[in-house]
Structures are given as C-alpha cells and as structure tokens.
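Given chain A, put chain B in place with the hints provided.
Residue numbers (the UniProt record's numbering), protein chains in the order written: chain A, 1 to 257; chain B, 1 to 257.
These are computed hints drawn from the structure, not numbers from a lab. Please note that a few of the clues may not be correct.
One copy or two, either will do: identical chains are not told apart, so a pair holds if it fits within one copy or between any two.
Dumping the calculated SDA-like pairs for lysine to any residue here, alpha-carbon to alpha-carbon at most 20 Å [claimed, not checked]:
(1) K128 / G14
(2) K183 / E126
(3) K32 / P215
(4) K120 / G61
Read off the chains here:
Number of protein chains: 2
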Amino acid sequence: MMKNYKMILAYDGGRYNGWQKQGNTDNTIQEKLEGIVSALAGCPIEVFGSGRTDAGTHAYGQVANFHMEWDGSEERLMDAINEKLPEDIGVLSLEEVPPRFHSRLSAKAKTYEYTIWNSKRPPVFERKYVFWCEKPLNVEKMQEAAKLFLGEHDFKSFCANKRMKKSTVRKIYEIHFHCTEDKITISYYGNGFLYQMIRILTGTLIEVGEGKRQPDEIPAIFAALDREKAGFTAPAKGLALKEVFYGERQEEYDTNY
Amino acid sequence: MMKNYKMILAYDGGRYNGWQKQGNTDNTIQEKLEGIVSALAGCPIEVFGSGRTDAGTHAYGQVANFHMEWDGSEERLMDAINEKLPEDIGVLSLEEVPPRFHSRLSAKAKTYEYTIWNSKRPPVFERKYVFWCEKPLNVEKMQEAAKLFLGEHDFKSFCANKRMKKSTVRKIYEIHFHCTEDKITISYYGNGFLYQMIRILTGTLIEVGEGKRQPDEIPAIFAALDREKAGFTAPAKGLALKEVFYGERQEEYDTNY
Numbered sequence: 001m002m003k004n005y006k007m008i009l010a011y012d013g014g015r016y017n018g019w020q021k022q023g024n025t026d027n028t029i030q031e032k033l034e035g036i037v038s039a040l041a042g043c044p045i046e047v048f049g050s051g052r053t054d055a056g057t058h059a060y061g062q063v064a065n066f067h068m069e070w071d072g073s074e075e076r077l078m079d080a081i082n083e084k085l086p087e088d089i090g091v092l093s094l095e096e097v098p099p100r101f102h103s104r105l106s107a108k109a110k111t112y113e114y115t116i117w118n119s120k121r122p123p124v125f126e127r128k129y130v131f132w133c134e135k136p137l138n139v140e141k142m143q144e145a146a147k148l149f150l151g152e153h154d155f156k157s158f159c160a161n162k163r164m165k166k167s168t169v170r171k172i173y174e175i176h177f178h179c180t181e182d183k184i185t186i187s188y189y190g191n192g193f194l195y196q197m198i199r200i201l202t203g204t205l206i207e208v209g210e211g212k213r214q215p216d217e218i219p220a221i222f223a224a225l226d227r228e229k230a231g232f233t234a235p236a237k238g239l240a241l242k243e244v245f246y247g248e249r250q251e252e253y254d255t256n257y
Numbered sequence: 001m002m003k004n005y006k007m008i009l010a011y012d013g014g015r016y017n018g019w020q021k022q023g024n025t026d027n028t029i030q031e032k033l034e035g036i037v038s039a040l041a042g043c044p045i046e047v048f049g050s051g052r053t054d055a056g057t058h059a060y061g062q063v064a065n066f067h068m069e070w071d072g073s074e075e076r077l078m079d080a081i082n083e084k085l086p087e088d089i090g091v092l093s094l095e096e097v098p099p100r101f102h103s104r105l106s107a108k109a110k111t112y113e114y115t116i117w118n119s120k121r122p123p124v125f126e127r128k129y130v131f132w133c134e135k136p137l138n139v140e141k142m143q144e145a146a147k148l149f150l151g152e153h154d155f156k157s158f159c160a161n162k163r164m165k166k167s168t169v170r171k172i173y174e175i176h177f178h179c180t181e182d183k184i185t186i187s188y189y190g191n192g193f194l195y196q197m198i199r200i201l202t203g204t205l206i207e208v209g210e211g212k213r214q215p216d217e218i219p220a221i222f223a224a225l226d227r228e229k230a231g232f233t234a235p236a237k238g239l240a241l242k243e244v245f246y247g248e249r250q251e252e253y254d255t256n257y
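If we strip away everything but chain A, and leave its shape as in the complex, we get (with noise of 0.2 Å):
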C-alpha cells in the first residue's frame, strides 16, 4: 500500500548546489534523496521538501516528505536511507503521515538561524558553518532594528528575486539573539522567507552593527521596494534551516526573549 512518509533531514550544505533539483546543474540534497528512495522502491520516487535552501546553506531540521510502498517499519526504512546517504547528509527521524500532508503546502512556520563569528580568534572548528567578522559589533544597535523587522512587512527590498511576481508580504514572529564569547547567533521565526531573505537581512543588521547604519534606517528601507536599499548578502555558509512548524503558528513578537 502507498504511504506517505515525512523526514527530517540534517545536512551539511557545504558541497552542494542547494536542496532544489535543477534542470542543468547538479549535484542537490533532492537528487540525492530521490536517488536512493527510487532504488528502494525501485521506480522513480519524488522528494517534497519543506521549501528550497540556497547553495551552501545547512540544515538541522530540513522537512521532506515522499511517497512509497514499503512493508518494513519506519526504522528500517530509515535506516537503508541513511545507509546509502553520504555523511554530510542525514535522515534524524521518519514516520508515516496522513496521506494529505505536504513539506511545503502543510508548513506554516521555519526558524533559520544564522550565525556570526564575531572575535578575533579563529573559528577553527566552526569556520564552515559561521561567517566571519572580526570587528566587534554593536549588538543593542543589531537587536533596536531587529525589532523594525517584526510583524507583516512587504520584504521585497530584502528579496534577491527581482523579477519575484507573487506577493512578497511575510511576517516575521520573532528573532532572537543568542550571544556566547565568539558567537552571535540570530534566529528568524517567520511564516515564510523569500529568496535570500534571511542572508539579506542579516547583513543589513551586520552593517547597523557596524555602525555604518543606524536601526532607524530600517523603515525607509522596507518604503523603498528596492533590494539596492538594504544591506549586504551575508553568506549562505552562516546560514541553517532549524526547524519547520506544521501545528499552530505562534502569533506574538518577540526579540530576544
């Protein structure tokens, strides 16, 4: 019998083209999954993501859903998955959904997570999952505009996608900061993010932190509609899908709680 089942994947996103299956490069973390699930099934098996990450960016919590006649239990199946999965690519859990559910149209909430190395010491261990700024930034200033990002805003300034036609009106729940020693780690809870969004706004909040704008800038910049307003594209390597959220989504803003 046909079912449908529901992973969460972990990836290290470092070697690949992003999650999305192209038509003429290759080498994607979709590719790859439905490599290994058709030869289970022995016929050609799509895999659903919960939405697409850029080239270069990871993932702890990537949702992708497929379906598939498989007699074995869960366990087994993920189990022969993650057996043939490089190790920059793991499936953490897999179970049976209802039939109806879909990574992408059931989602209605992602955390990303981007982080900063902000010391002058070296990130030796961490140095392919953060980004790099050796001056120390002004957190305060970070988190005042930070706060300017919360709640329903046309993003279309921080879209990379110029000729994006669909509504670019997103609502941003929360961003928290996490700060340790060396780190500066900026969570984005959101009922959607478009393309390069997060990269976008982190680097916009990387120059306030700099002190070459100020948080007040923030509102002229969502008016203005224009992508060459904001900041610069922080790069995909700091960036990480946390986690996609399929119950209720929580509605409150919130920094830094």
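Same frame as chain A, now just chain B:
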C-alpha cells in the same frame, strides 16, 4: 631583545600528519607554525609543543612556545601569525612568558577529550570530530571500569609503542563522562599520556560499554603489561587535546564530577 612567547592553539587535525615534524613525512602542524614564525623573524625558529598529537587528532588548547626578537605588541604578533595560518589552525592567545618556560618540560598535567557519537542518528555536523558507535553503550559499566584507571599505574598495556624504553608509569587524576542525547564525551586529566594511550583506554571502555568485557577485567590488563590484552585503538578523529596545565596539579581522583 629575544623574547619567549607562549601560544594557545586550536587545530582541526583532520588533514595533518599530527603535531610533530618528522624526517620524511610532511604536513605537520609544527612545520606550518615554524614556517610562518621563521618567515616573520627572518631566521629559522623552532616551535616547541607541549606534546605530540597523533595524525588526525584535534586540539582546542595545545600550547607551544618559541623564542624570537620582536618589537611589536603581542597582539600584532598573534595577528601576523593568524593571517598566514590555514583556516584549520588558529592561535587563540599569545603572551610573553619568562625565558625558562618550555611548553613540554614545564607542563604539569593535561586534559584530553574523547567523543563517542552513540546514536542511530548520523553525526552530520560532528562527523569529523567523533567516533560513531551506533549500538547503545552501557555508560554505567564504562564509568565503573574508568574508576580502575584512576591513580598511578604502569600503563604499558595501554601503550602502542612496544619498544618504549622509558617509564610507562603515569597518573590519571580524573576521568569525567559528559553525556548528551547523542554523545558521550570522556575527558581524561592526568600528568602525562603514552603513545595512543587515551585511544586504547577509550577503545577498552567502549568494549566494556558494548558488553564484550567486564569492568573487573581491568586489573588483569594492567598486570599483563601487554598491549594485546587491552581493547582496540579508538580512531584519532574522536580525540582532542583540550588543555595543558602549568600550575599546581590537582591530586584528587574523581570520576564524573
């Protein structure tokens, strides 16, 4: 004026042939540092480490010192070295120390950490820094066995160098287990460690955790003075030199504080 500088170093040992330069092989961490420091000084300079680390073993806190004429600040020197180092080696701190300080000869004790990934979930981000044991290990039994390693012993059975002519007596002050959902980290604090000693101690503990050995077999392994009686050599990539101590060493014996 000639000054003596002490550095604390972190390195990802994955692509190196260990700390110490060797006659014929290349690509050691010591060589990388000597090349950079010698170039800055304009003459050959030797960099002394607190001890060797094996090929593939990591360090969060290796200590090394060198003598050099330098007019600038400590910070400038540290920056100059870091600028030239590859991204998998980093100087975390650098300070001038008294002329007689020697990283190895002045060292009183060291802490090494061995990390076992003990989960069915693959260690996607930690894969290069852990040894993956899928089967659940009995940590209580491992702790029981580890207690028998504490104190002063002849560790000849846990030394990979069969032609070791010097004393194989060492003292372990503390062994600490830190367990999270997926990981078992064992830290060993002692006055010195023989060639591959921690990897063999850990391999023996893993065999205890798997139920292949019992804790009460440990005294007979010590008594045999025979490498063949101890467990396997756990892989280098799970091992890291965490800290080198130069002050008073702690003489209490303790597991799992």
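For the identical chains here, do K32 and P215 meet the 20 Å Cα criterion within one copy, between copies, both, or neither?
Neither. Shortest intra-copy (42 Å) and inter-copy (44 Å) distances fail the 20 Å Cα cut-off.
As a check of your reading, is K183 near E126 (CA-CA no more than 20 Å) within one copy, between copies, both or neither?
Both: 10 Å inside a chain and 18 Å across chains, each within 20 Å.
When no copy is named, should K120 and G61 be tagged within, between, both, or neither for a Cα gap of at most 20 Å?
between (30 Å within a copy, 16 Å between copies)
Please sort K128 with G14 into within, between, both or neither, judging by C-alpha distance up to 20 Å.
both (7 Å within a copy, 14 Å between copies)
Of the numbered hints stated above, the single one contradicted by the structure is hint 3.
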